[in-house]
Amino acid sequence: MDSSPDKRAAIEFHHVSYRPNGGTDLVRDLSIEIRRGETLVLLGRSGSGKTTTLKLINRLLTPSYGEIRVDGRPISEWDVIRLRRMIGYVIQEVGLFPHFTIERNIALVPKIENWPAERIRKRVAELMNLVGLDPQIASRYPHQLSGGQRQRVGVARALAADPPILLMDEPFGALDALTRAELQREFLNLQMRLRKTVVFVTHDLHEALLLGTRIALMEAGELITLQTRDEFLASREPLVLAYKDAFDTNLNNTRERA
Amino acid sequence: MNVWQFMLQNHAEVVELTLEHVWLVGVSILLAVAVGIPLGILITRWPALSKPVLGSANVIQTIPSLALFGFLLPAPWIGARADRLAILALTLYALLPLIRNTYAGIKAVDPAVIEAGRGMGLTNGQLLLQVELPLALGVIIAGVRVATVLLIGLTTIAAAIGAGGLGEYIFRGLAMVNNAVILAGAIPAAALALLADIGLGCLQRRLTPHAA
Chain Z
1 MDSSPDKRAA IEFHHVSYRP NGGTDLVRDL SIEIRRGETL VLLGRSGSGK TTTLKLINRL
61 LTPSYGEIRV DGRPISEWDV IRLRRMIGYV IQEVGLFPHF TIERNIALVP KIENWPAERI
121 RKRVAELMNL VGLDPQIASR YPHQLSGGQR QRVGVARALA ADPPILLMDE PFGALDALTR
181 AELQREFLNL QMRLRKTVVF VTHDLHEALL LGTRIALMEA GELITLQTRD EFLASREPLV
241 LAYKDAFDTN LNNTRERA
Chain G
1 MNVWQFMLQN HAEVVELTLE HVWLVGVSIL LAVAVGIPLG ILITRWPALS KPVLGSANVI
61 QTIPSLALFG FLLPAPWIGA RADRLAILAL TLYALLPLIR NTYAGIKAVD PAVIEAGRGM
121 GLTNGQLLLQ VELPLALGVI IAGVRVATVL LIGLTTIAAA IGAGGLGEYI FRGLAMVNNA
181 VILAGAIPAA ALALLADIGL GCLQRRLTPH AA
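Going down the list, the protein sequences come from chains Z and G.
The opening residue of the first sequence carries number 1 in this note's numbering; numbering runs sequentially from there.
The opening residue of the second sequence carries number 1 in this note's numbering; numbering runs sequentially from there.
Source of the hints: derived by calculation from the structure; they are not laboratory data.
Owing to the predicted nature of the structure, the values given are computational and were not obtained by experimental measurement.
Please note that the accuracy of each hint is not assured.
Label pairs and their computed distance ranges (CB to CB) [claimed, not checked]:
hint	chain 1	residue 1	chain 2	residue 2	range
1	G	Ala190	Z	Gly22	53 to 61 Å
2	Z	Glu222	G	Ala108	32 to 40 Å
3	Z	Thr228	G	Thr208	45 to 53 Å
Residues of chain G placed beyond 10 Å of chain Z at every Cβ, according to the derived structure [unchecked claim]:
hint	residue
4	Glu16
5	Leu49
6	Val53
7	Gly55
8	Gly70
9	Arg81
10	Ile114
11	Thr123
12	Gln130
13	Ile161
Backbone N, C-alpha and C define an ideal beta-carbon position, used for all residues, glycine too.
Can you build the whole structure from these sequences, using the hints too?
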């Protein structure tokens with residue numbers, strides 16, 4: 001994969017901490033620059049602060065300290081609705097609207113942005129094709145779909161209004177291994193074409209190495225390392241070694257991709 | 001004279017009292033819906049209010065209906081007419097199932113659906129109208145159904161304060177020790193309750209969205 005994304009930062013964290021009322025820091029003094037068009041993977045175990053970090057970007061959570069910028073502008077100055085509509089959001093549970101057809105689910109953001117009906121119809125057809133969904137299922141409801149199909153719809157919905165940024169929170173975590181591998185491959189193809197700025201949360205080292213242009217390893221709310229895939233594989237950092245040890249079975253395969 | 005002969009002979013009055021009954025229940029339910037559903041929504045937004053609001057509605061339900069009619073008697077404007085008094089009391093009784101079901105229905109919406117909607121930039125209003133209320137609608141209608149059936153029964157007691165309705169026959173029959181007259185009030189009231197239950201049950205099934 002061409003690994004020369006635009007070097008201007010799409011998202012910047014400046015000494016960001018997040019502490020819920022009276023609790024301990026879930027994210028501590030985090031500083032990261034996420035570049036335009038890169039896929040930054042936040043890797044870490046449960047409770048390491050990766051999901052919290054993601055939710056700070058679209059302001060589902062508000063930092064206790066520090067500042068986050070999107071397009072160089074502090075997100076606290078953005079209208080929160082405008083900010084969120086330019087950031088696609090995909091979560092593990094998908095969160096499709098059960099009372100909407102697939103078509104209406106995908107059309108959600110264009111619809112509330114008041115696109116004309118014809119443009120929405122075209123866009124939905126285009127997106128279903130893009131994520132590999134049979135156009136015949138457009139009129140079905142989410143409960144009539146398989147888990148893999150549902151997450152494809154989730155991705156299509158997030159891409160609908162063509163947001164420059166995509167946040168993905170373990171999107172393939174609940175899928176069976178085969179379907180997961182399929183969607184990971186398709187994600188790579190998609191990202192090759194679309195070049196979105198993607199922040200991708202996972203606890204799976206293979207997935208991180210496969211999808212990430214850079215990997216941010218988190219532990220207990222802190223950033224341990226931020227490295228490219230090759231740097232990560234060569235790293236002697238104890239936590240990185242522990243990860244590689246835990247996932248050692250098949251690292252070579254993932255190294256040889258691209 | 002059995003109950004059917006009595007009802008046939010007095011069919012004009014039976015119809016009139018039934019319509020009065022329906023009117024009392026209908027107005028009370030509409031008022032309770034207009035107050036109860038917004039209150040139910042409100043307490044999902046300010047959880048601190050949920051205990052006092054649900055608690056108060058609960059307490060109202062425990063007050064015996066005759067006593068509640070009595071309590072409200074001295075109220076200005078309300079106490080001046082029996083039907084106003086009855087409607088207020090009935091509305092208060094219907095509040096609990098409406099508030100509780102609205103609250104429970106919205107609370108039961110899958111948090112992942114809410115998070116996805118919020119994350120994609122739906123405003124609070126859009127989230128409420130396009131997601132939370134449609135998904136809670138089946139449960140809310142179930143509340144309307146419970147409240148309606150409850151009120152159809154309770155409204156018979158409103159006759160004790162002269163508000164009319166089918167309770168007129170029941171109280172008259174009790175005073176006359178005449179079962180036929182009691183039944184002339186009780187049977188149409190039971191039929192109304194059954195009809196409302198079946199009708200609203202159908203509506204509830206139609207408006208309950210597909211399972212996730």
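Consistency of the hints with the structure:
The hinted window of 53 to 61 Å between Ala190 of chain G and Gly22 of chain Z holds, with their beta carbons roughly 56 Å apart. Glu222 of chain Z and Ala108 of chain G have their C-beta atoms about 37 Å apart, which keeps the hinted 32 to 40 Å range intact. One distance hint, 45 to 53 Å for the beta-carbon pair Thr228 of chain Z and Thr208 of chain G, holds here, with the actual separation near 51 Å. A cut-off of 10 Å between C-beta atoms confirms that Glu16 of chain G is not in contact with chain Z; the least separation is 43 Å.
Look at Leu49 of chain G: its CB is around 19 Å from the nearest CB on chain Z, clear of 10 Å, so calling it non-interface holds up. Against chain Z, the non-interface label of Val53 of chain G holds: every CB pair exceeds 10 Å, the least being about 24 Å. Even its closest Cβ contact with chain Z, about 26 Å, leaves Gly55 of chain G beyond 10 Å, as expected for a residue assigned away from the interface. At roughly 46 Å, the least C-beta separation between Gly70 of chain G and chain Z is larger than 10 Å, which holds for a residue marked as non-interface.
Every C-beta of chain Z lies more than 10 Å from that of Arg81 of chain G, the closest at about 44 Å, which supports listing it as non-interface. The non-interface label for Ile114 of chain G is inconsistent with chain Z: the shortest C-beta to C-beta separation is roughly 8 Å, within 10 Å. Chain Z draws Thr123 of chain G into its interface by the beta-carbon criterion, the shortest separation being 6 Å against a cut-off of 10 Å. Against the 10 Å criterion, Gln130 of chain G falls within the reach of chain Z, whose nearest CB is about 8 Å from its own CB.
With 10 Å as the threshold on Cβ separation, the claim that Ile161 of chain G sits away from chain Z holds: the shortest Cβ distance comes to roughly 44 Å.
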